[in-house]
Amino acid sequence: MFDNKTILITGGTGSFGHKYTKTILERYKPKRLIILSRDELKQYEMQQVFNAPCMRYFLGDVRDADRLMQAFNGVDYVIHAAAIKQVPAAEYNPMECIKTNIYGAENVIKAAIANNVSKVIALSTDKAAAPINLYGATKLASDKLFVAANNMVGEGVTRFSAVRYGNVVGSRGSVVPFFKSLVKDGATSLPITHSEMTRFWISLQDGVDFVLKNFSRMQGGEIFVPKIPSIHITDLAEACGPGLKHDIVGIRPGEKLHEIMCPGDDSHHTIEFDDHFVITPSITFFGKDNDYSKNMLGEKGKPVAMGFEYHSGNNTDFLSVEQIKQLDEGQD
Numbered sequence: 001m002f003d004n005k006t007i008l009i010t011g012g013t014g015s016f017g018h019k020y021t022k023t024i025l026e027r028y029k030p031k032r033l034i035i036l037s038r039d040e041l042k043q044y045e046m047q048q049v050f051n052a053p054c055m056r057y058f059l060g061d062v063r064d065a066d067r068l069m070q071a072f073n074g075v076d077y078v079i080h081a082a083a084i085k086q087v088p089a090a091e092y093n094p095m096e097c098i099k100t101n102i103y104g105a106e107n108v109i110k111a112a113i114a115n116n117v118s119k120v121i122a123l124s125t126d127k128a129a130a131p132i133n134l135y136g137a138t139k140l141a142s143d144k145l146f147v148a149a150n151n152m153v154g155e156g157v158t159r160f161s162a163v164r165y166g167n168v169v170g171s172r173g174s175v176v177p178f179f180k181s182l183v184k185d186g187a188t189s190l191p192i193t194h195s196e197m198t199r200f201w202i203s204l205q206d207g208v209d210f211v212l213k214n215f216s217r218m219q220g221g222e223i224f225v226p227k228i229p230s231i232h233i234t235d236l237a238e239a240c241g242p243g244l245k246h247d248i249v250g251i252r253p254g255e256k257l258h259e260i261m262c263p264g265d266d267s268h269h270t271i272e273f274d275d276h277f278v279i280t281p282s283i284t285f286f287g288k289d290n291d292y293s294k295n296m297l298g299e300k301g302k303p304v305a306m307g308f309e310y311h312s313g314n315n316t317d318f319l320s321v322e323q324i325k326q327l328d329e330g331q332d
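All residue numbers for the sequence shown refer to the UniProt record's numbering, where the first residue is 1 and numbers rise by one.
These are computed hints drawn from the structure, not numbers from a lab.
Just so it is clear, CB atoms sit at the ideal spot from N, CA and C, and this is done for glycine as well.
Fair warning: there could be bad hints in the mix.
Listed next, the in silico DSS-like pairs over lysine-lysine satisfying Cα-Cα at most 30 Å (straight line) [to be verified]:
#, residue 1, residue 2
1, Lys144, Lys227
2, Lys29, Lys110
3, Lys29, Lys5
4, Lys5, Lys31
5, Lys294, Lys213
6, Lys110, Lys22
7, Lys22, Lys119
8, Lys302, Lys144
9, Lys22, Lys180
10, Lys119, Lys144
11, Lys288, Lys302
12, Lys42, Lys180
13, Lys288, Lys22
14, Lys213, Lys288
Derived DEER-like restraints, expressed as beta-carbon distance ranges [stated by the list, open to error]:
#, residue 1, residue 2, range
15, Leu59, Met1, 26 to 34 Å
16, Glu196, Glu155, 46 to 54 Å
17, Ala114, Met296, 22 to 30 Å
18, Phe318, Ala114, 42 to 50 Å
19, Asn93, Ala148, 20 to 28 Å
20, Asp265, Asn290, 16 to 24 Å
21, Gly154, Phe318, 44 to 52 Å
22, Asp64, Gly154, 19 to 27 Å
23, Pro53, Gly156, 24 to 32 Å
Required output: the full structure, derived from the provided sequences and hints.
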């Protein structure tokens, strides 16, 4: 569906953008592939790797509504990946986080509708489910904006959905590079926040593939959640630094013991498919009667039990230390 189409990704110079670009260029023949971000150095560095004739690099910030209106001209599909993601940075700079994650989302929505973009998928986060920090709260607000945007379209063609998943193996700012740097520097122990902490674990390629497939699945208004394995943080530390001592340093502000992706309070809006969940809109779209139990690929799902919650601690699929090592070694 991406052949001879124009695709734009906001925040496209990040880890997701690199893997997404590599995947698109390998599998499809897009008309244009636009990377929009505000960092000229990261764009220059990315251009040294990805310089296919279809590539375009646009300097711009999602806070700048006029720039988005211009950049979205002639675009068929948008992935909204731009965000302020670091929890401590958001806590110390709350309005900057709000401007990018909430106002930026509003600007993306308005620009997409004005330019008749066909489909938009916004990248969400587990932290948007029952949020306890500002970053999570802004991403929950962003999710709500993208869901409600399907009501703003009127007779227009644009449809909006979101994808929510947990920790990406080896992405920038994640704990794996941090652990590895400590091991490389000769550390004799690794800091562990809590011995019972768990996290969802997904490879960057699996995250990209899930997003791409949901462009074909989406009707508009869904929050897609993949079924992925969990890890124990102690097993992750053992995989990164075999035999090293674990120092318990305590849960950091704004951090959860387990990651939640489908909250129990949303169970009456949650549908289970073979390899993913869909959280359906809590609002009714005017003039639309979407049956989310069957997606655009013909896959059928069924409602989960009342009170069902999908979190990393109650997951039935946990990776062993050896599996964590193998997954990490499989990253580019």
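| request: List in ascending order the numbers of the hints, as given earlier, that are violated by the structure. | output: The structure conflicts with hint 13 only, although it agrees with all the remaining ones.
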